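Below, each chain spelled out in residue letters.
There are 4 protein chains.
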Amino acid sequence: MAAKLKTAVLGATGYSGLELARLLGRHPRTDAPLLLRRSAETGESDRHAAGLPHIFGNSKANGNSPVQPFSWSALEQRGVELLFLATPHAVSRELVPEAVARGLRIVDLSGAWRLKQEQHRAVYGFKDANAQTAAELTERAVYGLPELNADQIPSAALVANPGCYATSVILALAPLLSAGIVDCDRGIISDSKSGVSGAGKEPTARTHFVSVADNFSAYSVFGHRHTGEILEQLALNSCQLIFTPHLLPIPRGILSTIYVYLKREMTSDEIQGCFHDFYKGKRWVRIFPASSLPQIQFSVHTNYCDLGFCLAQDGRRLVLVSCLDNLLKGAAGQAVQNMNIMYGWDEAEGLE
Amino acid sequence: MAAKLKTAVLGATGYSGLELARLLGRHPRTDAPLLLRRSAETGESDRHAAGLPHIFGNSKANGNSPVQPFSWSALEQRGVELLFLATPHAVSRELVPEAVARGLRIVDLSGAWRLKQEQHRAVYGFKDANAQTAAELTERAVYGLPELNADQIPSAALVANPGCYATSVILALAPLLSAGIVDCDRGIISDSKSGVSGAGKEPTARTHFVSVADNFSAYSVFGHRHTGEILEQLALNSCQLIFTPHLLPIPRGILSTIYVYLKREMTSDEIQGCFHDFYKGKRWVRIFPASSLPQIQFSVHTNYCDLGFCLAQDGRRLVLVSCLDNLLKGAAGQAVQNMNIMYGWDEAEGLE
Amino acid sequence: MAAKLKTAVLGATGYSGLELARLLGRHPRTDAPLLLRRSAETGESDRHAAGLPHIFGNSKANGNSPVQPFSWSALEQRGVELLFLATPHAVSRELVPEAVARGLRIVDLSGAWRLKQEQHRAVYGFKDANAQTAAELTERAVYGLPELNADQIPSAALVANPGCYATSVILALAPLLSAGIVDCDRGIISDSKSGVSGAGKEPTARTHFVSVADNFSAYSVFGHRHTGEILEQLALNSCQLIFTPHLLPIPRGILSTIYVYLKREMTSDEIQGCFHDFYKGKRWVRIFPASSLPQIQFSVHTNYCDLGFCLAQDGRRLVLVSCLDNLLKGAAGQAVQNMNIMYGWDEAEGLE
Amino acid sequence: MAAKLKTAVLGATGYSGLELARLLGRHPRTDAPLLLRRSAETGESDRHAAGLPHIFGNSKANGNSPVQPFSWSALEQRGVELLFLATPHAVSRELVPEAVARGLRIVDLSGAWRLKQEQHRAVYGFKDANAQTAAELTERAVYGLPELNADQIPSAALVANPGCYATSVILALAPLLSAGIVDCDRGIISDSKSGVSGAGKEPTARTHFVSVADNFSAYSVFGHRHTGEILEQLALNSCQLIFTPHLLPIPRGILSTIYVYLKREMTSDEIQGCFHDFYKGKRWVRIFPASSLPQIQFSVHTNYCDLGFCLAQDGRRLVLVSCLDNLLKGAAGQAVQNMNIMYGWDEAEGLE
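Chains as they are written, first to last, in the numbering used here: chain A, 112 to 463; chain W, 112 to 463; chain B, 112 to 463; chain Y, 112 to 463.
For reference, chain A alone in the conformation it holds in the complex (with noise of 0.2 Å):
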């Protein structure tokens, strides 16, 4: 039998940290990786990780932390090869260069390297010590979503893994807009809504347990990070989506509603073959029959994005709906998916 791989995970705290961590540690082709946190990262954090016996199994329920802090040394001690960053893009930025100046192949779950356009990344406001490194980086970056890019992520030194909502939007519209089948200009609308996880771990006002229970709300309207990434995977400008983000009183789980105005009337039918060409031998997404909807239910604790939709009786507005599971096709799973590919393997490996 082939020798494992050796991941590490850097943010194995955090929501997307622990899934990862969680994955990687019943993965049959890796050993259990190295969980590291920012050394700036409160040792409260690592108690909480520590204290959840679920995820690190009974022998080390007893109290030393498996989370380690982050060092390079550590990392070449353990002879990791692949490193998990869970990180805020802040710290993804600085950490990749010399990360892939040191050998190492890197899965980024941040948006630091999503995103190819200047004028889409300037909200991120990246301070980079070395521009000119940077700008290669970039470059090279593959944006990690198996469906559409799965020719670029075998050889890939660095890969960006999508956002939750990114993800939920584009698988649901590049069957579509790859068929030219959209009318872009009149507008394409993505009403998303995403369980807390997906507001990160830190606790705020707005993750408070009593603001988020029996209440439902819009944010960064015309303003979300997530808006450059659909943007650049579907080829659309910035007049042709708005895309609206929610949050809903549930832990996980994101449901995106679509709305597009199609170019000349066709059947459900059609579009349902549309769906399936494009996904045909796709692991991770299922296509739902005409009229069925999926819900948030049906994918959260799985890898699968699920699409479905409604067409208007005439044949010009359809009505998408596109769910995943934030923390895993939405980047968990999706790392783990990206990792598999990366290296050769089933796209399913450790994954079902």
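No lab work stands behind these hints, which were simulated from the structure alone.
What you are looking at is a predicted structure, and each value in this text was computed from that prediction instead of being measured.
Treat the hints with caution; some may be incorrect.
Pulled a few chain A residues facing chain B out of the computed Cβ check, cut under 10 Å [as the list claims (entries may be wrong)]:
no.	residue
1	Gln243
2	Ala310
3	Glu313
4	Thr318
5	Val321
6	Val323
7	Pro362
8	Lys391
9	Met453
For every residue, glycine included, the Cβ atom is placed at its ideal position computed from N, Cα and C.
Got chain A sorted already, so can you dock chains W, B and Y onto it with the hints?
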């Protein structure tokens, strides 16, 4: 002091009926309402109502039900002048002709008398005993949205209380459409989300806690009954609006996110002005400052409809957010507001 | 008409403070309260309060905060007679001596002045500037549970408003202990469960939505601060009671399940009679018929404490269930009830 | 490789049945299970199961139901050896005699065969066609709690899978009672709380989202059916235990807070040792370090029963906390664990 108005609530064991009973029970100008159920209603709901001491007060907590079977003689004996119907639309359709003939005034919370146009009414499949009477009553019925139709309500014999979704959508759009600034042909989209009480008290697979909690889903896409009301009140044709309802995992509250394209470039101040002008002096609509959006928590347990908006940088694309409590401004509260207007009282009486 | 009472609320941005502000804002015998925050409180909470139009009314929704920094001169200028403290206990402990010296009457919602016995007070670790004054005020403070201490409240300068858990446990047990029918030495157990607002508005890892939703946990076992209040008010020793708090995934409400063994075999009617005798004429306690138990939904958003019980077939083992809204009967509502009694008004004024 | 075991699940459309179908569908030693429903079950549930692509896989999402009506010939044709019953107890009571006569081995998830003593069985009101056969099967049935009865399970024809509440209570108390350190006559109290899936899939007024959300309630006080199991397995008499179930507003999970008095003063280390000794080598019980308590989130979606405790300073009063997933360790997971033991496989097979 003037004698108090005598009212009755038929369907007092449903969610809207219970809210009405509660509101009328403490309204300064009405007697304690006569609470009625159709004889067909199960004793279960009845016992449930009886067992709710928080609604009917301490003295009635010890058993004998305050909800009686419906009969015309019960109404007569009590001297009821105003009858609230919190019944299925078929029941309202059946009872209203006789009620009007008997000289009762009616506020009907069902969809039975909201629609003037046959094309929109078709989805209800009404079976009228006397088609001519039904047609006449349809003509005479006033759509009870006080912010739009306050002049017709004082003299109305039959007020058709608007649907909860419809109220949230119409109040958000009416000022803009009235000002003629919306490009209707480019399409208006209302992505609406409602708490579960909107689906009624009947236990079904769909309203089971395990089906709703941690979940979110779209339903009745291109086919919800409230669509007709919205089109009629806003004078839109069916190709100009997409209305998509969703089920939120919360007990009560509606939020509609509404997308419109403007005919010309505008400023936030202009939009703000448009709303303030239209709702000047209207007690139960709150306009939020630009870019400050309502959330469901702000209006739940009140009779307010909260309105806010964000305008895109191009000044042409507008996202509206409209929130209300589906059982109050969306049902029982609006019914009381209508009563207040019907009898010439202050619109806010009994609702603060 | 008599002049209205001038009140102030310090800590008006916390959950209890907001409820108080709301209740006093519509109380028929008080002016709009002066809303204050300690200068140390972040502007964030302040802005949050300002942004809550549902609390402060439409006219104030457009920006300028109604919550001002605390100062003695602000109180004087307004002519405040009654000061509500919705502050941490250390702050109450610090401010009350001067407030009393200035002739203000006080209702303190914190735990600062509830405990007479040093042994129970120790868990708070008070650091008093003037130990003698503190001792004198401790002596003069009245434990503001109106159903037990209504005779001492009218003349009190300093009312120590009870803890939310303590209210639910004491009101359930007082009638039985007063009747001398409980076998205290066999042990009384209160298994209590509270909604999250009881944990305060501070965002922490523990109050994060993702930590609370779909979860349930016990905390502070054998060590919760409310234990002392319960023991003192019921004249129990610490071996006779186990009090275990739990965190419920709901915003508000407390349910305590309380287990007692009776000294002799009794009937349900006797128990029922014991409760009815004890709470005769008490407006805010509701006794449920035998075997009909209160639920959290019945008392939330009211000032009621609901009490019910089941007696075992052997007539010796009794399960009590006590429910209330932790922010109303467990905090702000009870504070208003205390005010009503302090000023000789009807106990229910402003609370219905 | 050995041929895989052929299994069937009757009642595959209920919550436990669905979990079983899911677990068996990916168990390495069983074929895809034959999924059955009683012919009386409505097609609604059936369609619901069919519509759950996340359970039955992508290929089966397009319509034809995988759940067939029950018949003995269907079992024979498939060559089923092991039959899981996820049926109401009356159905299990009726089918098991013939199933055993036909040489099938059975794991019954209902309460039909759990109780040896007539006094506890009375609450079920069984009506057996053949009283003698029923008595013999009652005698032969093994109570399938592997941590207690692992020696009897391998040879059992009929395994009575324990109740969810009972599992949580018995596993917490067995080590202490076995060690003889509990003062049983002073009374043991289990205050237990369950998520809503424990109440079954049938939509009722009680399981309606609006009845459960933001609520919490006790039920079946002094009368829950699981009481008998607990008493029998722990050899207690009915005066020694009070068991009070409550309904939590969460989909799944049980937490029992259990109160015991010890015969003598003990240390936390002694208690800890008692648990570790008793559960040595037991794969599916996790003992928490002293004063570190399990929460429902830690064990949900796993087959673990988590146990923790706090000892009072007097060393005589003990609060135990026991958590598990009611559909896994409390039902389907434990059923698979029993199967693993019946066939001599590793206890954890298919459950990790």
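To see whether the hints hold, each was checked on the structure:
1. Gln243: It is violated, given that the least Cβ distance between Gln243(A) and chain B is near 40 Å, above 10 Å.
2. Ala310: holds, 9 Å
3. Glu313: Where the cut-off is 10 Å and the nearest Cβ of chain B is about 8 Å from Glu313(A), the hint holds.
4. Thr318: At 5 Å from the nearest chain B Cβ, Thr318(A) passes the 10 Å test, so the hint holds.
5. Val321: Status holds, d = 5 Å.
6. Val323: holds, 4 Å
7. Pro362: holds, 5 Å
8. Lys391: violated, 36 Å
9. Met453: With a minimum Cβ separation of about 30 Å from chain B (threshold 10 Å), the hint on Met453(A) is violated.
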